[in-house]
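Peer 1: Listed below, chain by chain, are the residues.
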Amino acid sequence: MRGFYAETYVNGMPQRSTMGALTDDAAFIERVDFVKGPAGFLISSGDPGGSINITTKTPRQQRVRQLELSGGSFGFLRGSLDLGSAVKEKGFSYRLNGAYQQQQSFQDFLKTRKYVASPVIQYNFSRRTSLLAEYNFINMQSDGGSSITKIGTESEVLKDRIGNNYAGDPNLPQSGSKSQSVRLAFEHRFNDHLRLTVQSKYTVNSTTVWYLISDNYS
Amino acid sequence: MLTGTECTGATKDRQSAKAAPEGNRDYGKKKSMRTDSMSPVLRMEGRMLEIPQNIIGVTADLIREQGGLELKDMIRNASGVKIGYNSSVFDASATV
Chain A
196 MRGFYAETYV NGMPQRSTMG ALTDDAAFIE RVDFVKGPAG FLISSGDPGG
246 SINITTKTPR QQRVRQLELS GGSFGFLRGS LDLGSAVKEK GFSYRLNGAY
296 QQQQSFQDFL KTRKYVASPV IQYNFSRRTS LLAEYNFINM QSDGGSSITK
346 IGTESEVLKD RIGNNYAGDP NLPQSGSKSQ SVRLAFEHRF NDHLRLTVQS
396 KYTVNSTTVW YLISDNYS
Chain B
18 MLTGTECTGA TKDRQSAKAA PEGNRDYGKK KSMRTDSMSP VLRMEGRMLE
68 IPQNIIGVTA DLIREQGGLE LKDMIRNASG VKIGYNSSVF DASATV
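Line by line, the protein sequences are chains A and B. This note's numbering numbers the first residue of the first sequence as 196 and each following residue consecutively. This note's numbering numbers the first residue of the second sequence as 18 and each following residue consecutively.
Derived by calculation from the structure, the hints in this document are not laboratory data. Incorrect hints may appear among the rest.
Derived DSSO-like pairs (lysine-lysine); straight-line CA-CA distance at most 30 Å [what the hints assert, rightly or not]:
| # | chain 1 | residue 1 | chain 2 | residue 2 |
| --- | --- | --- | --- | --- |
| 1 | A | K285 | B | K99 |
| 2 | A | K373 | A | K283 |
| 3 | B | K89 | A | K231 |
| 4 | B | K89 | A | K373 |
| 5 | A | K396 | A | K285 |
| 6 | B | K99 | A | K283 |
| 7 | A | K283 | B | K89 |
| 8 | B | K99 | B | K89 |
Ranges of calculated distance between the beta carbons of each label pair, as one might list FRET restraints [what the hints assert, rightly or not]:
| # | chain 1 | residue 1 | chain 2 | residue 2 | range |
| --- | --- | --- | --- | --- | --- |
| 9 | B | K99 | A | Q299 | 21 to 31 Å |
| 10 | B | G63 | A | Q369 | 26 to 36 Å |
| 11 | B | Q83 | A | L407 | 14 to 24 Å |
| 12 | B | L66 | A | D364 | 47 to 57 Å |
Note that beta-carbon positions come from the ideal geometry of N, C-alpha and C, so glycine has one too.
Just chain A, with the same shape it has in the complex (with noise of 0.2 Å):
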């Protein structure tokens, strides 16, 4: 962001690394927020060229019921689901969110497939305190290879078409990327000037990676 790296934040708290699906899907992300320029009292922590803010689902004040069926081109399918109830001045309420989604790619052989999971129960014990537990699963594979490299000199990597310069094969092993994170938050609005969060997160991530690796890169 504006030439520098900029760390991303879910909820306020960062969440991302190198390698992974992390809340990296439209289904539980409820807004993304780009803070320009350093901002320590937005975000205590933060780079000088700003940062990207995730704010995940959660019950919203009216109640949501939403399915949602796309397809594409490169045998692209998706179906994503939205339920959640609206919030109680006492009392429990929800969000669920789910989706799957597969997709071939320009090239050969990779196929990946993602899995998505968000429940979100928010208990109010009054109009002005709240407890809130999330959970986010988010489970990606890849058949074919896991990333996209282009292998051999540079005269053969532009001659050939563009689906041989893919080092993957069919038989590789499947990758995977999965994430799995937990969130606890409480919120008490003192006054209308006033209010306090306190929060944390858990979160598990695993990842394997097949590629191949040619004899003759140069």
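Put chain B on the given structure of chain A with help from the hints.
Peer 2: Positioned in the frame of chain A, the structure of chain B alone reads:
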């Protein structure tokens, strides 16, 4: 005034709840893709216009209308932000 605010229930954002009780979901009314309420994540409330910081908010409703699926689709709505090349099919979307 156009208000394209998102009401996240958990935060009971007073301003956005007042300004746009139906959010962007009401197709019968005049709709705006602009966001002018602060995200609860950013620890401040009120209108973005009144915050001394350049912030661009992109809501899920806008993304859905655009057919966006991943963070890299959302980033296209913000100027000055770009995703670096990433060869992983799991798309960890490093941002620059």
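Peer 1: Each hint: holds or not?
Peer 2: Tested hints:
1. Only pairs whose Cα atoms come within 30 Å are accepted, and K285 (chain A) paired with K99 (chain B) is rejected, the gap being roughly 43 Å.
2. Our distance criterion of 30 Å between C-alpha atoms is broken by K373 (chain A) and K283 (chain A), whose separation comes to about 33 Å.
3. A threshold of 30 Å between alpha carbons decides the hint, and for K89 (chain B) with K231 (chain A) the separation of about 17 Å falls inside it, so the pair holds.
4. For the proposed pair K89 (chain B) and K373 (chain A), the alpha carbon gap of about 19 Å is at most 30 Å, so the pair holds.
5. For a cut-off of 30 Å, the pair hint linking K396 (chain A) to K285 (chain A) stands: about 25 Å separates their Cα positions.
6. The straight-line distance between the Cα atoms of K99 (chain B) and K283 (chain A) is roughly 39 Å, outside the 30 Å bound, and the hint therefore fails.
7. Distance restraint check for K283 (chain A) and K89 (chain B): the Cα-Cα separation of roughly 34 Å exceeds the 30 Å cut-off, and the hinted pair is therefore not satisfied.
8. For the suggested pair K99 (chain B) and K89 (chain B), the alpha carbons sit about 8 Å apart, so the restraint of at most 30 Å is met.
9. In this structure the hint that K99 (chain B) and Q299 (chain A) lie 21 to 31 Å apart at CB holds, the actual value being about 26 Å.
10. Checked against the hint of 26 to 36 Å, the pair G63 (chain B) and Q369 (chain A) fails, with Cβ atoms roughly 48 Å apart.
11. For the pair Q83 (chain B) and L407 (chain A), the beta carbons lie near 35 Å from each other, so the given range of 14 to 24 Å is not met.
12. A hinted range of 47 to 57 Å holds for the C-beta pair L66 (chain B) and D364 (chain A), which are about 54 Å apart.
Of the numbered hints stated above, those contradicted by the structure are hints 1, 2, 6, 7, 10, 11, listed in ascending order.
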